Amino acid sequence: MFDIILRNLSQRKVRTALTISGIALGIFAVIVMGSMSENFNQTFETSFSLTADKIRVFGSSGVFGGSVTTSKAAEVRKVPGVKDAYGLLMAPLEEGGGMSFGGNQIVGLPPEKSQTVLEPVQVSEGRFLMRGDRYETVIGTSVATQYKIGVGDRIEIQDKYFTVVGVLEYTGSFFDATAAVPLDIAQDVYDMGDMVSMIFAIPEEGVDGDLLAKRIKLSVDGVDTLSPSELEEEARQSLMIFSVITISAAVLAAIIGGLSVMNTMLMSVMERTKEFGILKALGAERRDILIMTVGEAAIMGLLGGLLGLACGWVVVYGMNLWLAEKGIVLFLITPRLVVIGMLFAILLGTLSGIYPALRATRMSPMEALRYE
Amino acid sequence: MNKASKANKANKAANKAKTDIILQTRGLKETYMQGKVPIHALQGVDLQVKRGELISIVGPSGSGKSTLLSIIGMLETPTEGEVFIDGIEVTGVKMKEIPRLRREKIGFVFQHFNLLPALTALGNVEIAMRFARVHKKERIRRATEVLTEMGLGDRLNHKPSELSGGEQQRVSIARALANKPSIILADEPTGEVDTKTRDLIIGILRRLSDGGQTVIVVTHDTWVAERTDRVIRLVDGMVEGA
Numbered sequence: 001m002f003d004i005i006l007r008n009l010s011q012r013k014v015r016t017a018l019t020i021s022g023i024a025l026g027i028f029a030v031i032v033m034g035s036m037s038e039n040f041n042q043t044f045e046t047s048f049s050l051t052a053d054k055i056r057v058f059g060s061s062g063v064f065g066g067s068v069t070t071s072k073a074a075e076v077r078k079v080p081g082v083k084d085a086y087g088l089l090m091a092p093l094e095e096g097g098g099m100s101f102g103g104n105q106i107v108g109l110p111p112e113k114s115q116t117v118l119e120p121v122q123v124s125e126g127r128f129l130m131r132g133d134r135y136e137t138v139i140g141t142s143v144a145t146q147y148k149i150g151v152g153d154r155i156e157i158q159d160k161y162f163t164v165v166g167v168l169e170y171t172g173s174f175f176d177a178t179a180a181v182p183l184d185i186a187q188d189v190y191d192m193g194d195m196v197s198m199i200f201a202i203p204e205e206g207v208d209g210d211l212l213a214k215r216i217k218l219s220v221d222g223v224d225t226l227s228p229s230e231l232e233e234e235a236r237q238s239l240m241i242f243s244v245i246t247i248s249a250a251v252l253a254a255i256i257g258g259l260s261v262m263n264t265m266l267m268s269v270m271e272r273t274k275e276f277g278i279l280k281a282l283g284a285e286r287r288d289i290l291i292m293t294v295g296e297a298a299i300m301g302l303l304g305g306l307l308g309l310a311c312g313w314v315v316v317y318g319m320n321l322w323l324a325e326k327g328i329v330l331f332l333i334t335p336r337l338v339v340i341g342m343l344f345a346i347l348l349g350t351l352s353g354i355y356p357a358l359r360a361t362r363m364s365p366m367e368a369l370r371y372e
Numbered sequence: 373m374n375k376a377s378k379a380n381k382a383n384k385a386a387n388k389a390k391t392d393i394i395l396q397t398r399g400l401k402e403t404y405m406q407g408k409v410p411i412h413a414l415q416g417v418d419l420q421v422k423r424g425e426l427i428s429i430v431g432p433s434g435s436g437k438s439t440l441l442s443i444i445g446m447l448e449t450p451t452e453g454e455v456f457i458d459g460i461e462v463t464g465v466k467m468k469e470i471p472r473l474r475r476e477k478i479g480f481v482f483q484h485f486n487l488l489p490a491l492t493a494l495g496n497v498e499i500a501m502r503f504a505r506v507h508k509k510e511r512i513r514r515a516t517e518v519l520t521e522m523g524l525g526d527r528l529n530h531k532p533s534e535l536s537g538g539e540q541q542r543v544s545i546a547r548a549l550a551n552k553p554s555i556i557l558a559d560e561p562t563g564e565v566d567t568k569t570r571d572l573i574i575g576i577l578r579r580l581s582d583g584g585q586t587v588i589v590v591t592h593d594t595w596v597a598e599r600t601d602r603v604i605r606l607v608d609g610m611v612e613g614a
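The listed protein sequences correspond, in order, to chains A and B.
Our numbering numbers the first residue of the first sequence as 1 and each following residue consecutively.
Our numbering numbers the first residue of the second sequence as 373 and each following residue consecutively.
So here's chain A without its partners, still in its complex pose:
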């Protein structure tokens, strides 16, 4: 039966090619948009797992605001169950750059804590910051790539030059786009006074993060906390919204591809009305006609999926290569995405073929034979 299906498809080369392109375009969108979503997901997962043990403490006037002072860190440190607490200042590395995905950021931190803050990430080159460091910085791989700098080179931050003393290993997390600098210097160059973006509180071993977060909130005036699980929940929700938007745009594109398969198959079934009549007169069963017609649609789906996957891979690869120069990784094709893309293509083709196929099987052989 497979040879008949291929023969039928090759009989209408242009139409088949156009239909396959329609599906390919849809799957291309699924792959490109999906790989963007996958990249964000993975970056989040890695970033989260790297800082999963820490409680974030903010000024109660605004989450992610800079309204908490370094002195609060000392108060947080006194809360029973807190092993350590220190302020962090985060700001965009480039002028006008946002703290969004893809943008580089500086993290001002107490230099002697840099290894603890960044743990378990290690330096691939040089060293971490240490007490006494001033205009020194430890940078992530994306920053190193984008600025084409390494240990010993200098980087300009807010009109001040910092010497790179260490480069972090690649993690696939936000740390890759980070330049860690001493907190007091960061506060100085960004003119933030005593302000920090947040305080990291590290629980003592065996202390429940969620309970400790509540305790900090109750014990220290004017702060809000985000426990690891709350943070995860919040971030997951934003990621979910992002995924839903990207994936639904892609799915919409793919459904349009599916409709083009249905249109092609309906036309093809109409054109072959007489052929189906002949086949039925020769003893073809409903199942034979169904396999033949759905098979054609499924193969168009499969070929469209492969083509879309190939094109998507080429574009994603090219874009990543181009963006790597800017220190940005935006797309990630995961095996899960490939499997979903291909299954979706085949399913779309098959489903789109079912209605035309049913129409073909329902034709009365006599009417089909009379059809001109």
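Just so you know, not all the hints are guaranteed correct.
[As the list claims (entries may be wrong)] Straight-line alpha carbon distances no greater than 20 Å define the calculated SDA-like cross-link-like pairs of lysine to any residue that follow:
| no. | chain 1 | residue 1 | chain 2 | residue 2 |
| --- | --- | --- | --- | --- |
| 1 | A | Lys160 | A | Asp188 |
| 2 | B | Lys531 | A | Asn8 |
| 3 | A | Lys78 | A | Thr116 |
| 4 | A | Lys13 | B | Ala490 |
| 5 | A | Lys274 | A | Arg286 |
| 6 | B | Lys401 | A | Ser364 |
| 7 | B | Lys466 | A | Arg362 |
| 8 | A | Lys274 | B | Glu448 |
| 9 | B | Lys468 | A | Arg287 |
| 10 | A | Lys274 | B | Ser533 |
| 11 | B | Lys508 | A | Arg7 |
| 12 | B | Lys422 | B | Gly584 |
| 13 | B | Lys468 | A | Met366 |
| 14 | A | Lys274 | B | Thr492 |
| 15 | B | Lys531 | A | Arg7 |
| 16 | B | Lys468 | A | Ala368 |
| 17 | B | Lys468 | A | Met363 |
[To be verified] Not the full set, but computed from the structure, chain A residues with beta-carbon under 8 Å of chain B:
| no. | residue |
| --- | --- |
| 18 | Asp153 |
| 19 | Glu156 |
| 20 | Ile278 |
| 21 | Ala281 |
| 22 | Pro335 |
| 23 | Val339 |
[As the list claims (entries may be wrong)] Listed next, the stretches of chain A that the computed footprint assigns to chain B, with coverage defined by at least 3 CB atoms under 8 Å from CB atoms of chain B:
| no. | region |
| --- | --- |
| 24 | 70-77 |
| 25 | 283-290 |
By construction, these hints were calculated from the structure, which means they are not laboratory data.
All of these numbers come straight from a predicted model, not from anything done at the bench.
Idealized CB from N, CA, C, for every residue including glycine.
Knowing the structure of chain A, use the given hints to seat chain B on it.
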């Protein structure tokens, strides 16, 4: 055994076969609506055909010839009445059994040949056996055999567009024979060919009948009808003289 006695034996076997009833219709009626007007295409047709008979169904346009053929071929179901083929009441079997019965009992030959244009002569004959789930090797062997019998051994790989009308009709007969059916139903098999090819086609159908194959031909052509064992004349959906 000499040639004459061999022929004699074959004829005896064929004559013996012609005593079995292979097809019987009882009170066959078919009414369909043309807009709001009921058309009585068949008004009670009783028919008996013996194994190996070559019969023709004749009659003016609209007399119900093609409808009768379609019902016998299980392409349509009658409004009333029964059809028995090989003792099986085909009008009483379940719908899903029909394709199998059609494969086993009926071989169609159409006026317009109705070959699949994308397939070669061999492909057109072989496809009929696919639905009977015959193994590929056997399909090719059988298709080659019947096409060679039809004198098309050297045209196996030609597509219908590369064949003459007569050749196409012979491919069509070969296709009808592929599954070794009980009855060959031929709807105006000589309607689209010249007189020389007509003689050839009737010769083939005659030969098949002499070999024990039952053949029913619907025709307008009196020359063709005269060369069959029996002529059934349909007028207004009824067998004349019945």
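Hints, one by one, checked against the model:
Restraint check for lysine 160 of chain A and aspartate 188 of chain A: satisfied, since their Cα atoms lie roughly 11 Å apart, inside the 20 Å limit. With a C-alpha separation of about 15 Å, the suggested pair lysine 531 of chain B and asparagine 8 of chain A falls inside the 20 Å cut-off, and the hint holds. At roughly 19 Å between alpha-carbon atoms, lysine 78 of chain A and threonine 116 of chain A fall within 20 Å of each other, so this suggested pair holds. Distance restraint check for lysine 13 of chain A and alanine 490 of chain B: the Cα-Cα separation of roughly 14 Å lies within the 20 Å cut-off, and the hinted pair is therefore satisfied.
For the hint pairing lysine 274 of chain A with arginine 286 of chain A, the CA-to-CA distance comes to about 15 Å; that is within 20 Å, so the pair holds. Simply put, lysine 401 of chain B and serine 364 of chain A have alpha-carbon atoms about 19 Å apart, close enough for the 20 Å limit, and the pair holds. The hinted pair formed by lysine 466 of chain B and arginine 362 of chain A meets the criterion: a straight-line CA distance of about 16 Å does not exceed 20 Å. For the proposed pair lysine 274 of chain A and glutamate 448 of chain B, the alpha carbon gap of about 16 Å is at most 20 Å, so the pair holds.
For the suggested pair lysine 468 of chain B and arginine 287 of chain A, the alpha carbons sit about 10 Å apart, so the restraint of at most 20 Å is met. A distance of roughly 17 Å separates the Cα atoms of lysine 274 of chain A and serine 533 of chain B; the hinted pair therefore holds under the 20 Å criterion. In summary, the hint linking lysine 508 of chain B to arginine 7 of chain A is supported, as the alpha carbons are separated by about 17 Å, within the 20 Å threshold. Taken as a hint, the lysine 422 of chain B and glycine 584 of chain B pair is honoured in the structure, with Cα atoms around 10 Å apart against an allowance of 20 Å.
Taking the CA atoms of lysine 468 of chain B and methionine 366 of chain A, the gap is near 17 Å; set against the 20 Å cutoff, the hint holds. Distance restraint check for lysine 274 of chain A and threonine 492 of chain B: the Cα-Cα separation of roughly 18 Å lies within the 20 Å cut-off, and the hinted pair is therefore satisfied. Annotation: proposed proximity of lysine 531 of chain B to arginine 7 of chain A holds, straight-line Cα distance about 14 Å (limit 20 Å). Using a Cα cut-off of 20 Å, the hinted pair lysine 468 of chain B and alanine 368 of chain A holds, with the two alpha carbons roughly 18 Å apart.
The straight-line distance between the Cα atoms of lysine 468 of chain B and methionine 363 of chain A is roughly 14 Å, inside the 20 Å bound, and the hint therefore holds. A cut of 8 Å between beta carbons decides the hint on aspartate 153 of chain A: the least distance to chain B is about 68 Å, and the hint is violated. With its C-beta approaching chain B no nearer than about 70 Å, glutamate 156 of chain A sits outside the 8 Å limit, and its interface hint is violated. With its C-beta approaching chain B no nearer than about 5 Å, isoleucine 278 of chain A sits inside the 8 Å limit, and its interface hint holds.
Hint status for alanine 281 of chain A: holds, given a least beta-carbon distance of 5 Å to chain B, under 8 Å. For proline 335 of chain A, the interface hint is violated, since its Cβ never comes within 8 Å of a Cβ in chain B; the closest pair sits about 37 Å apart. Taking 8 Å as the C-beta cut-off, the interface hint given for valine 339 of chain A is violated, the closest approach to chain B being about 34 Å. Restraint check on the region 70-77 of chain A versus chain B: 0 residues with Cβ-Cβ distances below 8 Å, three needed, restraint violated.
Proximity of the region 283-290 of chain A to chain B, defined as three or more residues with a beta carbon under 8 Å from a beta carbon of that chain, is established by the 5 residues found.
Against the hints set out earlier in the document, violations occur for numbers 18, 19, 22, 23 and 24.
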